[in-house]
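Let chain A serve as the given structure and place chain B on it in line with the hints.
Chains as they are written, first to last, in full-length UniProt numbering: chain A, 1 to 327; chain B, 1 to 327.
Please keep in mind that the hints were generated in silico from the structure rather than gathered at the bench. Small disclaimer: the values here were computed from a predicted structure and weren't measured. There are no misleading hints in this set.
Where chains are identical, the list cannot tell them apart; a pair therefore holds if satisfied intra-copy or between any two copies.
List time: in silico SDA-like cross-link candidates among lysine to any residue, alpha-carbon distance up to 20 angstroms:
(1) Lys187 - Ala9
(2) Lys92 - Pro61
(3) Lys92 - Leu103
(4) Lys184 - Val270
(5) Lys92 - Arg102
(6) Lys92 - His110
(7) Lys92 - Gly112
(8) Lys92 - Arg165
(9) Lys15 - Ser48
(10) Lys184 - Gly10
(11) Lys184 - Glu205
(12) Lys92 - Arg109
(13) Lys15 - Ser313
There are 2 protein chains.
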Amino acid sequence: MQILILGAAGMVGRKLVERLVQERQLGGQEITRLILHDVVEPERPEASFPIDTLTSDFSMPGEAEPLVATRPDVIFHLAAIVSGEAEADLEKGYRINLDGTRLLFDAIRHVGDGYRPRLVFTSSIAVFGAPFPEAIGDEFFLTPLTSYGTQKAIGELLLADYSRRGFLDGIGIRLPTICVRPGKPNKAASGFFSSIIREPLNGQEAILPVPMDVRHSHASPRSAVNFLIHAATLDLSRVGPRRNLTMPSVSVTVAEQIDALRRIGGERCVARIRHEIDPNIVRFVEGWPRRFDARRAESLGFRAEGSFDEIISIYIEDELGGALPDQ
Amino acid sequence: MQILILGAAGMVGRKLVERLVQERQLGGQEITRLILHDVVEPERPEASFPIDTLTSDFSMPGEAEPLVATRPDVIFHLAAIVSGEAEADLEKGYRINLDGTRLLFDAIRHVGDGYRPRLVFTSSIAVFGAPFPEAIGDEFFLTPLTSYGTQKAIGELLLADYSRRGFLDGIGIRLPTICVRPGKPNKAASGFFSSIIREPLNGQEAILPVPMDVRHSHASPRSAVNFLIHAATLDLSRVGPRRNLTMPSVSVTVAEQIDALRRIGGERCVARIRHEIDPNIVRFVEGWPRRFDARRAESLGFRAEGSFDEIISIYIEDELGGALPDQ
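Looking at chain A on its own, in the form it has when it is part of the complex:
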C-alpha cells in the first residue's frame, strides 16, 4: 500500500507519519511506500519502507500531477493555509485552500484508468458560523464567517461531488480544536486553550484571555491521528454520498479545563495561569461553536477522549515522556 500525505510537515502530519512508521500497515495492508509532501521539506524518519519527500506549491498548475503519478492508494490531504493567514491574505488562502484542493482532485481524475484512491480531507469546524444551536448536529448548515471556513466548506462540496462521480473515494473530517498542542505557543486566537495547560505543566506562566465560562470542544493530537487512520480504513459504503463528518470532541468550559489541570498537576500548576481578559480574543471566541452532537461520526466508529483529564494525560504521555517535569 502506497500512501501520500500532503501537509506532512505540519503538527498533525508529523504525528501521522510517526504512527504509520510505527505500525507499518494501514487497515491490515502493509505499507510499501510513503510519499510526504509539503511546501517546506518534511522530515524523513527511519522506516521499514521507503519514504519519499516532495516539496512544491501544489496550487501551481502542473504541480499536483507528480504527486499522484505513482497512484497512491490512500491520500491524506492535510495541506492548508490556516485561518488567520487566509483572512489576512485573501488570494493566497483561495489559491492554496480552494485551487490547490481542486487541482489535486483534478489531477486524480486525470489519472483515469479506474484509479480511485481513498482521499481523507481535513476540514474544520470553521465551516460553521454563529449563531449556533447549543449543540451543532450533523445536519446543521454551513455558514462560515471566515474565508478559511469558506474554503474548507468548498473543499467539502468538491470532495462529495468528485466522490459521487467516482473519481475518488473521499471522506472529509471536521477536526475540533486540537488540544494540548505540543511545542511553543502559536499566534492562533485559539492557542490559549492549549497554552493554559501546556505552559503550567512545563513550569511556565500562561495567560488566560477569556472568561472562565467560555465553552469549547477539544480532541487530542492522538485523536486527530486516530480520526485520520479510521477515515482511511473505514468502509465508506456505510457513509453514502454525505461524505463530510464532524468529529467527536470533548466539550468543556475553561473552568473545567482548569479543574482537570488541578487534578493532574496540582494547585501549583493552576497558580501559573494569569487571568488577563483580551477583548479581541473574547470577541473571536464568541463566534466559535461550543458543542457538537457528532452522532454520525460516533456511529461510524470515530472516538475522541471521554474527558479533559484524559486529554491532559495524553499530552503527558505523548509529549512529556509520561511524567510531569521536576519543578
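Relative to the frame of chain A, chain B by itself:
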C-alpha cells in the same frame, strides 16, 4: 441607476428585462442604463433608457472585467450551465458555474475604490440532496447530489464570503421549480411539471411520467422576477451574514396540479394528459425536495403564489393574453 444582467437571454432574464423596461425604476431609483450580457446576443427591447448588449464567455480570464467597468449599481447574476449539461460535461459546468462566478466576483473586487454593488445570485434548490425532512427548513445543510447543485452551493459560499469582506453586497436566492414555463417543452427532467399544464391549456397533449402523488414546489415566472427585484432592493442589513435564502413556493402533488387545471381549464384540458410512467424520470424526481419551510425569506417580504390555481392564472394572464385559446 445602472443595472447589469448576466444570463439576460434566458427565460427569467428576458422577463426581468421586460419588467425593468416597463417600470423604468428599481427601488425608487430611475434606471439610467441597462447592460445585458449572455453567451448569445440578448434581445434589446425598446426602452426609455439606453440598453447595451454584450456577448462573451464570462468564464474566460479577462472577460468579466469589461462587464463591471462602468460600475453597475446592481448586478443580476443569472448565468449558468443548467443541471443536465453540468452533469454531462463536468469541465464546462465547473468552468461556467464555479470559475465564471468567481471571476465575476473577483472582477468586482478588483474595481476597488469603494465599489460595492448589490449582487443578486440565482441559486437553486439543487443545493439540497436527499434524504430530506418532510419540509426543508432554513438551517438544513447543503448536500447536493449533482455537480450543478455543488457549483451553486459553492457560489453561495463565495457570495457570502465576498459580501462579508465588503467587496459586494450579495444575496443568493434559491429558486424553486419555475412553473408554468412558457414556450416549448424542454428536455429538463422537471419539464413535465409545466408541460402537463401548458400543453393542455394550448389544446395539445402532454405526458405525465410520474405517479399522481409526487409532490413538488413551484413558483411562477412572475414570482421569479418578483424575487429578483425584491432581492435587489431589500435592506440587506436585515439579512446579516447568512446571505442565501430559499424562496417561498407552492408545494402541491401532481394530483393537486391537475385538480387546479380542471378548475381553470375544465375536464377537456385534463383529458389531454396521458399518464405514461417513465422510470428514469421517476427515479430523478425521488431525489428532489418536496416542500420548503421558507420562513426566513417570507419574513423578509419574499412572496410566491398562494395556490397552484394562481400559478395557472398567471400563465394565462402573462402568456395567453388573459384568456384560454379557442379550442
